[in-house]
Structures are given as C-alpha cells and as structure tokens.
Amino acid sequence: MTLIEKISIELGAPEPWPSDVKLFQPYEAEQILLPDNANCLATQAFLKMCQLPYAVEPRPNAEAMSPTLKVPFIKAGRFVIAELEGIVQFVNGKDITLTQPLDNDEKSNLRAYMSLIHSVLEMAELYICWVDSETYNEVTSGRNGSVYPWPLNYIQNWNKRSQVIKKLKTLGWYDKKLEDVYSEVETCCESLQARLNDQKFFFDHGPTELDALVFGHLFTILTTPLPRSDLANIVRNYPSLIDLVKRIENEYFKK
Amino acid sequence: MGTVHAKVQENLTEAHYPTNTARELPDKEQMKELDLKGVRARVDKVHIDGLSRTKNDIIQDSIQDLFKARDFWEVLLKAYTVRVKLDELGCFKNIAVYIDTSKGPKATPDGLEVTFNVKEHKRILGGVSTHVGNNEGVLQIGVRAPNIFGRGEKVQVEYSHGSKKTSNFNVAFIKPFRGKHRTMLNTSIFQSNTEYPPSAYKLMEKGLTLGLGFYSWPLLKHTLQWEGTIRDLSVLSRNASFDVRKESGLSLKSSLKHILALDLRDETIFPTTGSLVQLTSEYAGVGGDVGFLKNDVFVQTNYSILPDIVLQGSLTMGYMKSINKDLKISLADMYFLGGPLSVRGFQMRGIGPHSDGDALGSNVYWAGGLHLFTPLPFRPGKGGFGDLFRTHFFVNTGNVGNIEVKSGQSILELMRNNVRLSYGLGIALRLGNMARLEINYCFPYVHDKSDQTHPGVQFGVGVQFL
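Top to bottom, those sequences are chains P and Z.
Take the first sequence: its position 13, counting from 1, is numbered 13 in my numbering, and each next residue is one higher.
My numbering runs 1000 ahead of the 1-based position in the second sequence.
Since the hints were made in silico from the structure, they are not lab data.
Hints are not guaranteed to be accurate.
[As the list claims (entries may be wrong)] Restricting the straight-line Cα-Cα distance to at most 27 Å, the calculated cross-link-like pairs of lysine-lysine (BS3-like) are:
1. Z/1093 / Z/1165
2. Z/1328 / P/75
3. P/167 / P/177
4. Z/1206 / P/167
5. Z/1328 / P/22
6. P/160 / Z/1321
7. Z/1321 / Z/1221
[Claimed, not checked] Label-pair restraints from in silico Cβ distances:
8. P/178 / Z/1287: 47 to 55 Å
9. P/162 / Z/1325: 31 to 39 Å
10. Z/1185 / P/178: 47 to 55 Å
Glycine residues also receive a C-beta, built at the ideal position from the N, C-alpha and C atoms.
Looking at chain Z on its own, in the form it has when it is part of the complex (with noise of 0.2 Å):
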C-alpha cells in the first residue's frame, strides 16, 4: 500500500462550514482537527508520472473518477480508489499519490493537481517461491512479463513441484479490458500430473483453457470458462482396485463451466462477518467423450458472538447427472468427501464408497460445519504474534453417495439417511493471506461402516476449507 500526503493550506480548516457532517466520520481524532467533507476541492489536473511503455488509454479510463469530487473528502476516496484500480492492472510494483494545491495561471480557487507517482515493473519478472496447496507444500518457478503490450497484458509461465508427487506447468496470458465491468480475458495451456493415494490412481492432464471474468455488480463477480482437457488415468499401483483399474485410460473433456462468486466477508482466512457465496456448474460435452451436468454451491457465514469469538457456519453441496449414454464420467469428475478439508475427523476421501480400500466416487453430495473460533486462551502473544491463531471448536456432519434421482423421491431424503458427524477441536494458524494451517483433535462420532476415520490427531493445510 503507497501512502497519501495531503497538504491543505490552514486557512481552509473549519472556517466556512460548520461540522455538522462531523459524526459520519470514522476516524475521531481527523474530526477534531479537520472537517474534510466541509472542504471544498476540485481536482485541475491529474499528473502520471513515471509512465514509458504503459498506453495512456487505461491510465485515462482509471482516473475519470477523480475530476467528479467535490470536496476534499471525496478526492482522497477516489485518489484512493483510482490508486486500487491502477494496481489491479498489475503494470507498476509502486504506486504513491501526492495532491498539492493547484498552481499557474489556469489554477482554480479551489483546485488540487493530484499526482502519481509510479513505478512500472521490469519486463521479465521472475522468482521462486513455496506455497501450500491442498494439504501439501508446493515449490513454484515462475516467469511472467508483466504489461507486455502496454495495456496491462501479462504473460506468465509457472512450473509448480508439490510435496505429494504433483506437478504443474502452465502457460496464460491473461488481459484486462476497459469498462466498468472490469472485464479479464484468462487464457491458458497447462500440464498437470496429480496423484490421489486415496482412490489408488493418478492423473495426467493436458489442456487448454479460456475464461473470461466480470463483474455485473461491484462484488458480484462472474467467470465464464471452457476448458478442454486430455486426461490420462492410472492405477497407482498393481493392487489397486479392478474398480479403480477399469476407469484408466484417455478421455478428453470439454466443458463450459460458470462461476459466481460474491464475497462478502471482511477477510479470507479468519473472517469476522460477512458472507460467501459461490455456484459454479459446468456442463461437459461440447466434444470430447466425456458428458455431465455438475453444480455446486459453497455458503459460509460468519457472525461475531462477542468481540473475537466468531461463529462460523459453512454448507456445501453438489450434484452432477449424466446428461448422454454414450459420454462417459470419469472417476476424476465425481465427488469425494472427508479429509482435513472437508468432514474432518475422516481420512482423506473417506467417506462414502470403497473398493478394496480405494475410494470412488459419488454423484452427490453435501456437507456442513459449524466452527467457533476464539483467540487463544490466555491470549499470548497479542497484537502480534498471537493474532495468526485462533482456538477452533467445530462440528462437521455430511454425507455423500450415488443417487439417481426418480420420479416422486425427493433427494433430500435420500441424503438425510446415513449422515455422517464429527466433532473436535483444535488450533488454526494463518498462513499469509492465503492460506490456513489447522491441528485438530478430531472424534468421528457417526460414521459408516465402510468409511474411514481419522479419529485423533488431524493435520490440514488448504486455501479453501469447509
């Protein structure tokens, strides 16, 4: 984050406006000195300064906002705002805004020249890095060239090695476009290899995608994809089992999937309030051979009990149907539920159908938790330290299985019977602002008898948790 200066001459303050505005305003300690919404202000001139291989098109789209202020509150919202929006653009590494009275001849009485101060990122930009990724530590080299055309264009090339046996190497270019839409064209070619010891087999994918992501409402944001992806199947060893076994070989997916997304919670890792919603539904068999029609829903609510004691409800669920008899599904497109992520207290993909140990998987599925997170007890390390974690009570139910959907059953009361439970509690770290790192001592309370639990100790580490 860069830093505002303001400079506003003293004769300004308070003289010509009482402060009746004075409540609306957060910070206690700026009212008392300055009534800033009292202070008249237009912006004159707008300088960019350090711009060479950005155009000047999506600079001058960025800043129209500021010449509509009226007063000096306003101008630093939006001198903020606009700082917010060339960052987005991802073509400097330092923004600073400096706003001055306006001088010269063509000064108004009124007038401000705000400037920015940028910085623009070298054409090639490379690095090496670690990250977490679903319950394994990843090693990622990546190279991107940033602002590749001068309009926020970016080409990036990662190759990603993980702990478990995976890796990744992707190709994407990835364009922003003008409007208030804050429209971005994402395209990509990657290569992935993944293996799921739980189900016995791993994956081979080559693919293409392209998406493009909006917003129609400021928070409300959409992505439209196709993707087209050659996957290769394998058994990961020779006793896996024959169910595992017989879906190996190519298939090659091509589906369009839709996104939305409105996030309403104040952060990601250990929300205080807010809301999330996300839908997501792909249709596969636009070509290829392989043929589904999935949705999913992913809810969290958060609500703040007492200041720091956060309750946090979070549903989610899935159902996906064979839309073609001649298109197959893959063991790869189905659901799988339980694991450190998901309905804890079970292993990984325990829960629900196994053969030979070895999960498969399902068409249906939901799942549900109720968290409460607390600071640490005796609070040690607060304001600093201490802040990253959290003490964490949860319970998990869910429940998952095959269910093809008849004529006069509800598939609600298909999945009501057999509903899995788990409690525990345990210590949650936050890792950046992306990820979360969680210790739990987990009791599977109900559970079937083909699952498998992790009752005790349970380690999980992931972006996205249940």
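Looking at chain P on its own, in the form it has when it is part of the complex (with noise of 0.2 Å):
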C-alpha cells in the first residue's frame, strides 16, 4: 500500500459511513473469473459482517476503473478504495473493526492466513483459469472476452493471459504441474481445517476479514461450474470448512 493510499484512507477516518455506498466488480452472470468473483464475494461477506449497507454496481469496465487496477472496489463518499485489505482498513478508520478482541498473536496469524489464502488458493484459482488449456478455451477466454467487441476480445485476452502468466512465472507458479497445484491447495484447505479446529469461525470470539476471504474463496470454487471439478472436490474433502462456508452463507447471504 503506497503512502498516498494510507493518507487517503486516513482523511477518510472522521466520516461515518455513507450510506450510498458502491461496490463495484463485473457482471457476474456473463463475465468475472473465478479468481475475481472469490475477492469480490469476499469484501461483500467483509462488509455484511460488519453490517455496512453498500449496494453492487457491476460494470464491464471495473477492473480498469479501480485504483490498483483489481477488483472489486468501493466508492464511499469522495472515496476510492479498492481490494479487501484497503477495505478492512478504511473501515477501521471509522472505528469498525471485527478484530478488537484479538491480540497480536492472534493479529499477526490472521495475516498469516490471509496471505495464505492469497498466495495459494488465488494463485491456484488463476492457473485453472488461465494457464490449463481446458479451462482457458472454454470458460475464461469467452467470458473474460464477453464484454469486448471483435476483435478486441481477442486481443485482451492475449494480453490478459501474458500478463497473469508472467505474474505466475516470477511467482514459481506457471511450471508446476496440475498435480503439484492440486496438492498445494490440499496443503493449504489441511492448515485452514487445523486453525479451524471445529470452532464456528477462525477465531473464537467471532466472524473475521479471514472467515470473510476463505468463504469468497472456497464458495465460490464450490458453485463455480468449471470442465474440471478437482479443485471443487479437493475442498469437498474438508466439511468444517464447508460448514463454515454454510453457516456464513445462511447467517450474512440469506437474510
């Protein structure tokens, strides 16, 4: 986070929540990939556990229209704040906080399991979509391009796919084999599962940011119909970590 962000968020801090709040992600019907659906239902879950009213503005462009050029994000008054982490803290300026009870253990392994999450199971989620070819000719491509006309659709999703190749390269990513992805998100969901440890959420007192990015995540490679369901059933393989997908869906998502 750069520091024009950090004193943004800070100026910020006096105001209360506005109440028109926007989220901003793409069509969810015709267009969002897997990777950016799991980070946008993750701020949606975020933002509904800390009770702050917003409502979804989808748009073919948002990715280009966010500050940090990903999605989702929110405009709160004269505000731009874009991706889960900026969210959570431009909420805590406001004195909201779902992590007032935690202490800094507890603190410093939250973020140990959120860049987890980000480091795992998002880099997983965009190698089945981008980089295996299956999932790339029949899913990404047509979606990713859905919102482009001919033949730009085509030109985008080349230049999309160069660019989250080359992030998956310098990340050691792009060379493993669909194996070798499988077993890393096993790994992670078996330390998720362990932290867990049958509570209702990751900490004991209550839902977290960590409870709301692992329900984005693991719900939405759960309902997400792809040509390959091995990451669906890997997951499926842990139930306290589908129960508290189900118990966050019923408590935040049903009402």
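Now that you have both chains on their own, put them together as the hints suggest.
Structure, rendered in structure tokens:
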C-alpha cells in the first residue's frame, strides 16, 4: 500500500460510513472469473459482517476503473478504495473492526492465513483459469472477452493471459503441473481446517476478515461450474470448512 | 525552389509582335525588355537528367503539359508547374530547369528543349527534428525510404516525444497515383500516448488508418479515411473525478471520416487575404463498440483593411450524436473548449461541464473569433526579423454543452444561452511555415461559474488557432 493510499484512508477516517456506498465489480453472470469473483464475494461478506450497507454496481470496465486495477473496489463519498485489505483498513479507520478482541499474536496469525490464501488459493485459481488450456478455452476466454467487440476480445484475452502468466512465472507457479497445484491447495485446506479446529469461526469470538476471505474463495470454488471440478472436489474433503462456508452463507447472504 | 534559366535569341524580341498584351504581365521591369507572350515557341524535347530508380511513366505523366505550350510565356509557366508536380512526387531533393533552343536535324524553327536536372533522394533518409504540436514542444526521430518502388511510394517510421509526456510511434506507407485528381494513398500503423491534465486522464491509442486523398477541383481537397483504434483510457491520479474514472478502460473505435478542405488563403500562418473552409464528418460504429456521428466545420476568412492590417474572422462548430444505445461514446471522442488555441482567456478545456475540476466532454460546441493583425508598433526590424511578428487584438466567443436536440427546439436557440466572451491583445510570432506562437494578455469578459478562466498572460503555440 502506497503512502498516498494510506493518507487517503486516514483522511477519510472521521467521516461516518456514507449510506450510498457502491461496490463495483464485473458482471457476475457473464463476465466475472473465478479469482475475481472470490475476492468480490469476500469483500461483500466482510461488509455484511460489519453490517455496513452497500450496493453492488456491476460494470464491464470495473477492473480498469479500480485504483489498483483489481476488483472489487468501493466508492464511499469521495473515496475510492480497492481490494479487501484496503477496504478493511478504511473501515477500521472509522472505528469499525472485527478484530478488536484479538491479541497481537492472533492478529499476526490472521494476517499470515490471509496471505496464505492469496498466495495459494488465488494462485491456484489463476492457474486453472489461465494456464489450464481446457478451462481457458471453454470458460475463461469466452467470459473475459465477452465485454469487448471483435477483434478486441482476442487481443485483450491474449494480453491478459500473458500478464497472468508473467505473474505466475515470477511467483514460481507457471512451471507447476496440475497435480502440484492440487496438492498445494490440499495443503492449504489442511492447515485452514487445522486452524479452524471445529470452532464456529477462525477466532472464537466471531467472524473476522479471514472468515470472509475463506468464504469468498471456497464458496466460489464450490459453486462455479468449470470443465475441471477437481478443485471443488478437493475442498469437499474438508467438512468443517464446508460447514463454515454454509454457516456464513446462511447467516449473511440468505437474510 | 529551383531556378528557371531562360535564354532567348535577341532577334526574336518584339520584332514580329506588337506589345499590346503588355499590361497583363505582372512584372513591369520584364515587360519593358521582352514580351514573353509574344514569342512563339514550342517544346521539341524534354530531357530529364538524373533518373535512376524513378520509373519513366510517372515522369511522362507529369511533363505532358509542357508540349501544349505555344509561346514562351506558356513554356515558362508550364515548366514551373511541371517542376511543382515533380517536386510533389517526393522523389527528388533538387530539381533545376534549363530551357534552350532546339538543335539538331529535327529541330523546328521555334523549337525549345527543356531540361530538368533532378537529383533523386537517397534510399534511406533519417533525421532528428524538433517541432511544436498543440502547446508543447516535440522531439521527433524519423527514418524514411522515399520513392521505394520508383513511383513516388514512401515508407516512413517516426517516433516523437513531447514535453507534455506525449509519445507517438508511426509507420506509414504513402503512394501517389497518376491522374489529374492527384490521388494519394496513405496507410499507417500507430501507437500514441497522450496525457490530458485538464481532464485528468491519459489515453493510449493503437491503431490502423487507411486513407485516400484526392482533389475533385484543383483546390478542393478530399480525404477519405478509415480508422480502427484501440483506446485505453486511464486516470492520471488517484484523486481524479469519479466521472472521469468511470470512463476508464478499453474501447475499440472503427470509424469512417471524410474531410473536405478548400484553402484559398495566400498563406497559412499570417494570411492577408482569402478563406479556408474545412468540413469534417466522422461516422464511428462500423465494427467496434464506439458509435457516433460527428460533424465539424471550420471557416476562416481574411480581409486586408489597409496594407499590412488584416482582419480575420473565424468560426468553428461541431455536433455529435449517438447512433446506437449499445455503442458508447468515450470521453476521448467528445468536444472540449477553451485554451490558448481556441477561446483565449480560459484554461485549456476550461469552458463547459466540469466535475471536481476535471473537464468533461460535451456533444455540441461553437466558437468564433475576430482578430486584427497589425505589424509591430513603430515596425522594428522591418523587412527582416520584425516581419515574423504581428500585434494581435482579438475577441473570442463560444459555447459548449450537452444538448439533445428534441423536435420543436432549435439547436441554435439552445446554444445561444450562456455564451462566453473574452478579449485581449498580444503578440504573435511565426515559427517556420507551420506554427504560430502567441503571447496574449486576456480578459475573460463573460464566463460561467463552473468555467476555469485564465485572465492575464496566456501563452499558446500550435498549428491551428481559432
């Protein structure tokens, strides 16, 4: 997070949560991809856990509009803040927090698990969407290109794919085989399940942004129809994680 | 410009013909010595020296006219126009013309031989140059291959970088065709980056153009162009207005454009007489996701009240409308008004709708200017350096806005409300034969609350001014 972003969050602090907050994301039905959808859902879950009102505003160019070029982002009054972490800080600035009762150890634990999800689940989702040719050809290319006219859809798919591949290469994920990706996901789920340890949420006292992030990713993995259902099958092997997802869905999204 | 060398035998002068046509000759000194129109002449032969790559057919086309000359005056005139035509082919860096009497067994009594001494361009030319674009200095690096297939075809590659962070890369292929319409094919691939601080966005464009230029009348120039461009619009800073931010992203414009220009001015920078009329129509929406119909007019007319004192009036207007609800109109396509090149006394894009200080576009505009150009007071440096300068008094006016024309409402009526007006004076300087530099002291006289005015000293440099 750059200094400017921090300053803008600080400046926004004294104002109360405006009533007309909008959350911008791509079109859910025909455009959004697995990793983006997971992050959008996680942010929505977080805002719902904080009981902060917002309205979802689908835009085909949501990604380009975002200050970090990643979805989702919210517009609260004059402020435009992107991604879950930024939004969590912005909300904390208004003295609304889900992590108040946590001690410092737990807080650093929470941060560690959140970065685990970003560095494993999100990468695995990107890998499946953009590197696995079956998923790319049948799902990703069509959805990502759906908002662009011919021939821009092909150009944009190609551009975006090379960007993602470049990112995966630097993080060492591009050279992995599909099986390696699956085993990474299994390890991640195992450590999450171990941390959850049959509690209601990851931390005793109630839901935090970590629960929101896990919910976002796992719910999206479980419900998104893809030519390869392996990821969903892996997640189904962890009943307590599934319970968590169901609990959050029922509590926050079905009311 | 080359030189025309003429040698005429002494005994031909005024011997056979009385000088009754003398008054029509513009040059009085020449008239006393020789009446060129009275000297019968025909061209027996035309030599072109120095051709190697250039094909004969395009040269033959250019020189045909010369054989129709019937007196020496016509020979001179036509030799000059042929020289211009050869120069327009862009194949030669130097053209000299020699006219001599015809010699040899087949020579006719009045026969002349015309020799064009040409020097072809090298196969590859390159250069670094600086020039001025719209209110910025630009450094340009270019390489071109003139006359690549021997018929005036040209391939050029240019890269330019401006002082306001614009950059432009362009590869073009240009081919002139034979015929009296002077048709020219022009295709190019380009990429450009431009920043628009008054609107807080930057634009990256990549595209193709395919154009055909021709004259339907000697001075009436048409340009037909197809343009396919991918545009990536992004905000310049975090605190850009959300109205600009929501326009971010990619769009694909595919448009057909027709430009009609009639330029009767005696020169482009400080004309003293004549008018310029330019009509531009653009239809976007042949493919792509951008759709509109846009029509623009620019008229300028010049009138010398006294020698060296020129009154210039200009009027420009434009209207665009959406053609389809599914096709969008990007911020980059819209009209903006204000600034040192349009309505002076306002900031760049300072007139019209703004959001958090960032200029938003409009779909209609008009602007007019009345300018009085005079030489510098007391005329320092007359006949030399001082002639590059003009004193300049002006009144500018205009309006811009978003107007949907409904039935029963006249667009003129709507544009008459809230007209802006500014006046001022300054000094204008000619930069080469292309651009003009102005330093003005401006008084914005009528403006709207949301406008950004620029009273006082304003500096402008550019190619086309209001």
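Open item on the list: Under the constraints set out in the numbered hints, which ones does this structure not fulfil?
Closed with: 1, 6 and 8
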